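Make the full structure from the sequences, and use the hints.
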Amino acid sequence: MGSRASTLLRDEELEEIKKETGFSHSQITRLYSRFTSLDKGENGTLSREDFQRIPELAINPLGDRIINAFFPEGEDQVNFRGFMRTLAHFRPIEDNEKSKDVNGPEPLNSRSNKLHFAFRLYDLDKDDKISRDELLQVLRMMVGVNISDEQLGSIADRTIQEADQDGDSAISFTEFVLEKVDVEQKMSIRFLH
Amino acid sequence: MLWTVGFAVSQNVGFSPTLHNCGNKFEKWATLRMERGAKEKNHQLYKPYTNGIIAKDPTSLEEEIKEIRRSGSSKALDNTPEFELSDIFYFCRKGMETIMDDEVTKRFSAEELESWNLLSRTNYNFQYISLRLTVLWGLGVLIRYCFLLPLRIALAFTGISLLVIGTTVVGYLPNGRFKEFLSKHVHLMCYRICVRALTAIITYHDRENRPRNGGICVANHTSPIDVIILASDGYYAMVGQVHGGLMGVIQRAMVKACPHVWFERSEVKDRHLVAKRLTEHVQDKSKLPILIFPEGTCINNTSVMMFKKGSFEIGATVYPVAIKYDPQFGDAFWNSSKYGMVTYLLRMMTSWAIVCSVWYLPPMTRETDEDAVQFANRVKSAIARQGGLVDLLWDGGLKREKVKDTFKEEQQKLYSKMIVGNHEDRSRS
Numbered sequence: 001m002g003s004r005a006s007t008l009l010r011d012e013e014l015e016e017i018k019k020e021t022g023f024s025h026s027q028i029t030r031l032y033s034r035f036t037s038l039d040k041g042e043n044g045t046l047s048r049e050d051f052q053r054i055p056e057l058a059i060n061p062l063g064d065r066i067i068n069a070f071f072p073e074g075e076d077q078v079n080f081r082g083f084m085r086t087l088a089h090f091r092p093i094e095d096n097e098k099s100k101d102v103n104g105p106e107p108l109n110s111r112s113n114k115l116h117f118a119f120r121l122y123d124l125d126k127d128d129k130i131s132r133d134e135l136l137q138v139l140r141m142m143v144g145v146n147i148s149d150e151q152l153g154s155i156a157d158r159t160i161q162e163a164d165q166d167g168d169s170a171i172s173f174t175e176f177v178l179e180k181v182d183v184e185q186k187m188s189i190r191f192l193h
Numbered sequence: 001m002l003w004t005v006g007f008a009v010s011q012n013v014g015f016s017p018t019l020h021n022c023g024n025k026f027e028k029w030a031t032l033r034m035e036r037g038a039k040e041k042n043h044q045l046y047k048p049y050t051n052g053i054i055a056k057d058p059t060s061l062e063e064e065i066k067e068i069r070r071s072g073s074s075k076a077l078d079n080t081p082e083f084e085l086s087d088i089f090y091f092c093r094k095g096m097e098t099i100m101d102d103e104v105t106k107r108f109s110a111e112e113l114e115s116w117n118l119l120s121r122t123n124y125n126f127q128y129i130s131l132r133l134t135v136l137w138g139l140g141v142l143i144r145y146c147f148l149l150p151l152r153i154a155l156a157f158t159g160i161s162l163l164v165i166g167t168t169v170v171g172y173l174p175n176g177r178f179k180e181f182l183s184k185h186v187h188l189m190c191y192r193i194c195v196r197a198l199t200a201i202i203t204y205h206d207r208e209n210r211p212r213n214g215g216i217c218v219a220n221h222t223s224p225i226d227v228i229i230l231a232s233d234g235y236y237a238m239v240g241q242v243h244g245g246l247m248g249v250i251q252r253a254m255v256k257a258c259p260h261v262w263f264e265r266s267e268v269k270d271r272h273l274v275a276k277r278l279t280e281h282v283q284d285k286s287k288l289p290i291l292i293f294p295e296g297t298c299i300n301n302t303s304v305m306m307f308k309k310g311s312f313e314i315g316a317t318v319y320p321v322a323i324k325y326d327p328q329f330g331d332a333f334w335n336s337s338k339y340g341m342v343t344y345l346l347r348m349m350t351s352w353a354i355v356c357s358v359w360y361l362p363p364m365t366r367e368t369d370e371d372a373v374q375f376a377n378r379v380k381s382a383i384a385r386q387g388g389l390v391d392l393l394w395d396g397g398l399k400r401e402k403v404k405d406t407f408k409e410e411q412q413k414l415y416s417k418m419i420v421g422n423h424e425d426r427s428r429s
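Those protein sequence lines, which keep their order, are chains H and E. Every letter in the first sequence is one number past the one before it in my numbering, and letter 147, counting from 1, is 147. Every letter in the second sequence is one number past the one before it in my numbering, and letter 197, counting from 1, is 197.
For the record, the hints were derived by calculation from the structure and aren't laboratory data. This structure is a prediction, so every number in the text was calculated from the model and none was measured. By construction, the Cβ of each residue, glycine as well, lies at the ideal position given by its N, Cα and C atoms. Be a bit skeptical, because a hint or two may be false.
As the list claims (entries may be wrong) - Derived EDC-like pairs: lysine to aspartate or glutamate, alpha-carbon spacing no greater than 16 Å straight-line:
{"#": "1", "chain 1": "E", "residue 1": "LYS338", "chain 2": "H", "residue 2": "GLU42"}
{"#": "2", "chain 1": "E", "residue 1": "LYS56", "chain 2": "E", "residue 2": "GLU103"}
{"#": "3", "chain 1": "H", "residue 1": "LYS186", "chain 2": "E", "residue 2": "GLU67"}
{"#": "4", "chain 1": "E", "residue 1": "LYS309", "chain 2": "E", "residue 2": "ASP270"}
{"#": "5", "chain 1": "E", "residue 1": "LYS402", "chain 2": "H", "residue 2": "ASP50"}
{"#": "6", "chain 1": "H", "residue 1": "LYS186", "chain 2": "E", "residue 2": "ASP57"}
{"#": "7", "chain 1": "E", "residue 1": "LYS417", "chain 2": "E", "residue 2": "GLU62"}
{"#": "8", "chain 1": "E", "residue 1": "LYS402", "chain 2": "H", "residue 2": "GLU49"}
{"#": "9", "chain 1": "H", "residue 1": "LYS40", "chain 2": "E", "residue 2": "GLU401"}
{"#": "10", "chain 1": "H", "residue 1": "LYS186", "chain 2": "E", "residue 2": "GLU84"}
{"#": "11", "chain 1": "E", "residue 1": "LYS56", "chain 2": "E", "residue 2": "GLU97"}
{"#": "12", "chain 1": "E", "residue 1": "LYS324", "chain 2": "E", "residue 2": "GLU111"}
{"#": "13", "chain 1": "E", "residue 1": "LYS106", "chain 2": "H", "residue 2": "GLU56"}
{"#": "14", "chain 1": "H", "residue 1": "LYS186", "chain 2": "E", "residue 2": "GLU63"}
{"#": "15", "chain 1": "E", "residue 1": "LYS56", "chain 2": "H", "residue 2": "GLU56"}
{"#": "16", "chain 1": "E", "residue 1": "LYS417", "chain 2": "E", "residue 2": "GLU64"}
{"#": "17", "chain 1": "E", "residue 1": "LYS408", "chain 2": "H", "residue 2": "GLU56"}
{"#": "18", "chain 1": "E", "residue 1": "LYS402", "chain 2": "H", "residue 2": "ASP64"}
{"#": "19", "chain 1": "E", "residue 1": "LYS399", "chain 2": "H", "residue 2": "GLU49"}
{"#": "20", "chain 1": "E", "residue 1": "LYS402", "chain 2": "H", "residue 2": "GLU56"}
{"#": "21", "chain 1": "H", "residue 1": "LYS129", "chain 2": "H", "residue 2": "ASP166"}
{"#": "22", "chain 1": "E", "residue 1": "LYS408", "chain 2": "H", "residue 2": "ASP64"}
{"#": "23", "chain 1": "H", "residue 1": "LYS186", "chain 2": "E", "residue 2": "GLU64"}
Claimed, not checked - Negatives, chain H to chain E, calculated, CB over 10 Å:
{"#": "24", "residue": "GLY41"}
{"#": "25", "residue": "GLN77"}
{"#": "26", "residue": "LYS126"}
{"#": "27", "residue": "SER131"}
Written out as structure tokens, the structure reads:
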């Protein structure tokens with residue numbers, strides 16, 4: 001049968017997710033339908049295998065890193081709240097949000113949080129620094145077998161050299177913040193409805 | 001039994017256009033009613049959208065990464081291969097897009113309708129039904145299960161038994177024109193009875209392009225009913241694996257009357273053997289056109305997936321056929337991982353009707369400068385265009401299997417080119 005979109009998602013939960021992530025009512029319902037269609041085990045959570053079943057994600061060179069971003073430290077299952085919280089990073093920044101109130105918590109889809117998300121894809125050991133090794137590992141994922149170790153090494157060295165400002169041969173988040181890149185647009189996914 | 005047959009046939013012939021109009025009006029009313037009910041309770045109705053839920057740009061990896069770099073760096077756009085930390089944004093966003101909505105996994109489950117057709121199986125807003133709607137739905141259930149279902153089962157039983165008995169009897173006749181004539185009519189009659197058993201309302205287009213002897217008929221695959229639909233309008237040689245049970249009985253009887261191509265399970269794996277037998281069949285001009293579904297599995301009729309190249313290597317004329325079901329009265333897609341054959345047939349027989357259109361496309365042959373894969377893709381595009389389906393390169397086998405690593409390797413290769421250029425550039429620098 002088709003996915004029972006509205007029947008299993010309680011209104012209170014929907015409201016909470018709306019407040020936390022900023023998605024609209026219909027967007028949340030639609031993503032819930034997506035969540036249930038991915039949940040082959042029908043137990044209300046997604047495992048890594050559920051994500052890997054998406055062919056277009058499986059062929060993405062960074063597919064595994066992206067999947068990892070959904071799972072909090074040491075856990076193997078993600079529920080709908082967690083799913084939405086991660087997806088919220090990619091909500092486009094609306095005009096009325098740009099002038100945010102300084103007192104409220106920073107929304108998940110702020111420019112800074114989007115950059116943090118990308119930073120965490122590089123920072124494998126989560127020590128808030130991208131070391132040469134980590135950069136090499138991610139580069140290796142992206143290029144496969146097509147580039148030699150030496151060449152990849154020199155690319156990594158050059159990148160760290162250009163970005164590093166405090167001389168610790170690693171890239172911290174402040175050094176990572178790429179001022180001019182249009183992060184708002186490149187790390188946002190627009191809904192059609 | 002004959003009375004039942006006659007009654008059912010006459011019913012269905014007269015009803016179709018009026019039934020269609022009635023049905024459409026009714027569904028619009030039902031959906032409006034549900035929307036009103038939802039508004040009263042201050043909710044929003046869940047509306048499935050068939051065109052996807054997020055905006056995706058059809059740009060390539062190269063273009064997108066160049067754009068990201070352009071927006072960031074103030075260096076001159078001299079296209080030198082290099083790596084930027086911001087490149088990761090591309091992969092990140094693409095990955096997230098596929099998590100929200102991908103092109104492949106949704107093809108393996110039934111299409112979601114935008115208006116409700118009074119079948120609880122397609123209703124996503126169960127809690128918003130008003131009393132009037134519930135009564136009508138109940139009435140619908142009564143009609144479908146207590147009136148239509150027994151009728152249809154009786155018809156199906158008649159059709160299948162006549163097929164088995166008829167083909168066996170014809171099998172005893174000596175080979176010749178009379179046997180062929182009789183065999184053709186036995187097959188056609190029984191398939192037509194089966195069509196009535198499912199209340200399939202079929203519109204055939206361009207019947208002058210119907211497949212001829214020595215050719216191969218290829219069509220998109222949505223369900224086993226496709227076979228019945230095509231075979232009730234034309235005389236084909238079937239291709240398939242030998243089954244046990246009732247299917248096996250039917251297969252053995254059919255092959256007595258005229259040559260079908262049945263393979264043993266072990267033979268199916270041997271591609272050369274399969275190709276050899278099919279080639280022998282098409283080269284004999286007295287033999288019937290073969291009916292093949294190159295996707296290899298059932299897809300949900302919103303798209304056409306990769307055609308396996310086997311049938312396109314044989315060198316025969318290909319007669320493409322596009323089959324498009326209208327899901328308003330009953331969705332014909334067989335989700336084989338969810339329902340077995342018997343459950344599926346029961347669901348079909350308890351829907352309102354199966355409505356579909358069949359287009360016979362002009363015959364195609366392989367050009368000298370294209371190989372089997374290109375030919376297969378060309379045929380696939382023609383079918384997709386005619387049926388209004390999305391043309392995908394993805395393999396239908398992904399329903400059950402993992403995607404091959406080669407695709408990921410392609411992506412990696414493309415990206416590598418962007419950061420170090422080609423071999424020639426590398427040796428220069």
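Each hint tested on the structure:
Pair hint LYS338 (chain E) plus GLU42 (chain H) holds up; C-alpha atoms about 13 Å apart against a cutoff of 16 Å. Note on LYS56 (chain E) and GLU103 (chain E): the hinted pairing holds, with a Cα-Cα distance of about 11 Å set against a maximum of 16 Å. Note on LYS186 (chain H) and GLU67 (chain E): the hinted pairing holds, with a Cα-Cα distance of about 9 Å set against a maximum of 16 Å. With a C-alpha separation of about 14 Å, the suggested pair LYS309 (chain E) and ASP270 (chain E) falls inside the 16 Å cut-off, and the hint holds.
For a cut-off of 16 Å, the pair hint linking LYS402 (chain E) to ASP50 (chain H) stands: about 12 Å separates their Cα positions. Restraint check for LYS186 (chain H) and ASP57 (chain E): the C-alpha separation of about 11 Å stays at or below 16 Å, so the hint holds. For a cut-off of 16 Å, the pair hint linking LYS417 (chain E) to GLU62 (chain E) stands: about 9 Å separates their Cα positions. Distance check on the hinted pair: LYS402 (chain E) and GLU49 (chain H) sit about 11 Å apart at the alpha-carbon level, within 16 Å; holds.
Note on LYS40 (chain H) and GLU401 (chain E): the hinted pairing holds, with a Cα-Cα distance of about 15 Å set against a maximum of 16 Å. Taking the CA atoms of LYS186 (chain H) and GLU84 (chain E), the gap is near 14 Å; set against the 16 Å cutoff, the hint holds. Annotation: proposed proximity of LYS56 (chain E) to GLU97 (chain E) holds, straight-line Cα distance about 8 Å (limit 16 Å). Among the hinted pairs, LYS324 (chain E) with GLU111 (chain E) is consistent with the structure: their alpha-carbon atoms are about 13 Å apart, no more than 16 Å.
Among the hinted pairs, LYS106 (chain E) with GLU56 (chain H) is consistent with the structure: their alpha-carbon atoms are about 12 Å apart, no more than 16 Å. For the given pair, LYS186 (chain H) sits about 13 Å from GLU63 (chain E) by alpha-carbon distance, which is consistent with the 16 Å threshold. A hinted pair counts as satisfied when its Cα atoms are at most 16 Å apart, and LYS56 (chain E) with GLU56 (chain H) qualifies at roughly 13 Å. In summary, the hint linking LYS417 (chain E) to GLU64 (chain E) is supported, as the alpha carbons are separated by about 14 Å, within the 16 Å threshold.
For a cut-off of 16 Å, the pair hint linking LYS408 (chain E) to GLU56 (chain H) stands: about 9 Å separates their Cα positions. Distance check on the hinted pair: LYS402 (chain E) and ASP64 (chain H) sit about 15 Å apart at the alpha-carbon level, within 16 Å; holds. At roughly 14 Å between alpha-carbon atoms, LYS399 (chain E) and GLU49 (chain H) fall within 16 Å of each other, so this suggested pair holds. Simply put, LYS402 (chain E) and GLU56 (chain H) have alpha-carbon atoms about 11 Å apart, close enough for the 16 Å limit, and the pair holds.
For the given pair, LYS129 (chain H) sits about 12 Å from ASP166 (chain H) by alpha-carbon distance, which is consistent with the 16 Å threshold. The hinted pair formed by LYS408 (chain E) and ASP64 (chain H) meets the criterion: a straight-line CA distance of about 12 Å does not exceed 16 Å. At roughly 9 Å between alpha-carbon atoms, LYS186 (chain H) and GLU64 (chain E) fall within 16 Å of each other, so this suggested pair holds. For GLY41 (chain H), the requirement that its beta carbon stay farther than 10 Å from each beta carbon of chain E is met, with the minimum near 13 Å.
Non-interface status of GLN77 (chain H) relative to chain E is upheld: no Cβ of that chain comes within 10 Å, the nearest being about 16 Å off. Every CB of chain E lies more than 10 Å from the CB of LYS126 (chain H), the least distance being 16 Å, so the non-interface label holds. With a closest Cβ-Cβ approach of about 14 Å to chain E, SER131 (chain H) is found to remain outside the 10 Å limit, as its non-interface label requires.
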